[in-house]
Each structure stands twice: as C-alpha cells, then as structure tokens.
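A.B. asks: Please take these sequences and the hints and turn them into a complete structure.
So that you can map any letter, position 12 of the sequence shown is 12 in this note's numbering, and since no number is skipped, the others follow by simple counting.
Some hints here could point you the wrong way.
[As the list claims (entries may be wrong)] Now the in silico label distances, taken between C-beta atoms and shown as ranges: (1) R109 with L1: 29 to 39 Å; (2) S82 with D2: 29 to 39 Å; (3) K107 with L54: 26 to 36 Å; (4) S82 with E3: 26 to 36 Å; (5) D2 with N83: 32 to 42 Å; (6) R49 with A103: 16 to 26 Å; (7) L8 with V87: 18 to 28 Å; (8) H111 with L51: 30 to 40 Å; (9) L1 with P110: 27 to 37 Å; (10) K107 with L1: 30 to 40 Å.
Source of the hints: derived by calculation from the structure; they are not laboratory data. Glycine included, each C-beta is placed from N, C-alpha and C at the ideal position.
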Amino acid sequence: LDEHAELLGLLEPRHMSGDESVTVRDHLHGVWLIIEAEWQSEEMKNFLRRLDTLYRVYFLKKTTHGEGNGRGHGPRERIATSNSRIVDSEAPEGLWRNCYSKAWLDKQRPHFVKDLNIREEQYDFSL
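C.D. replies: Here's what the structure looks like:
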C-alpha cells in the first residue's frame with residue numbers, strides 16, 4: 001500500500017465518509033451503514049471500501065493466528081446501501097481529479113474548485 005501513502009496522507013477524518021448503526025443490535029455487533037461523503041467519486045469510494053475490507057481481513061488473520069492480544073473491538077463492518085445518506089462533508093485539497101465527484105464539482109462555485117488545487121492527472125486506485 002506504499003504507493004497510496006501520498007493520497008492517504010492528504011485525507012483526514014473530516015474528509016471521510018461516516019457511518020451509523022440502525023438498531024442497538026447492529027451497534028452491539030459492529031454493523032454500520034455508510035454515510036456517503038458527497039465530494040468523493042465512485043472510484044474513490046470503492047477504493048476506500050476495498051481498504052476497509054483489506055483491514056478487516058488483516059485483523060482477522062492477526063487475531064486467529066495468535067498475534068493479536070484479543071482486547072478491544074475489531075473493525076466495524078461498514079455496509080453501503082442504495083439509499084445511504086449523503087452528506088456534504090469538507091473536501092480535501094490537492095487530490096487528483098478522479099478522486100472528486102464530477103456532479104459535486106459541477107455544483108461548486110468556480111473559485112472554490114480553483115482553491116481545491118485539483119491535480120489534472122488520473123489517480124491509479126489499483127490495489
């Protein structure tokens with residue numbers, strides 16, 4: 001994942017999607033619905049979800065092979081649904097154009113888009 005360090009270093013928690021549990025049972029079992037960040041392109045969302053999955057697999061391998069200490073909760077199971085809530089969270093500056101949603105960019109004022117300092121190259125989301 002070293003090839004993605006620059007991208008990930010530009011992201012802060014306030015830039016990311018959120019999540020919420022629907023029921024107390026879901027909360028107790030670590031199942032959460034994803035709240036979409038409107039600025040993120042579908043490519044970006046899919047990339048971040050694949051990272052979530054990789055982390056869950058890593059965590060499971062680590063704990064089932066005796067490397068974990070068994071304390072604390074494992075990573076949340078975050079589920080995207082067709083009717084996920086979408087929020088207009090703060091967008092980071094300096095990302096590649098295909099990280100941002102075109103529809104979201106089209107709704108912004110030109111000076112705001114300019115201030116994002118978008119890199120015109122396409123980001124390679126390959127894992």
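A.B. asks: Let me make sure I understand: some of the numbered hints might not hold for this structure. Which ones are they, in numerical order?
C.D. replies: none
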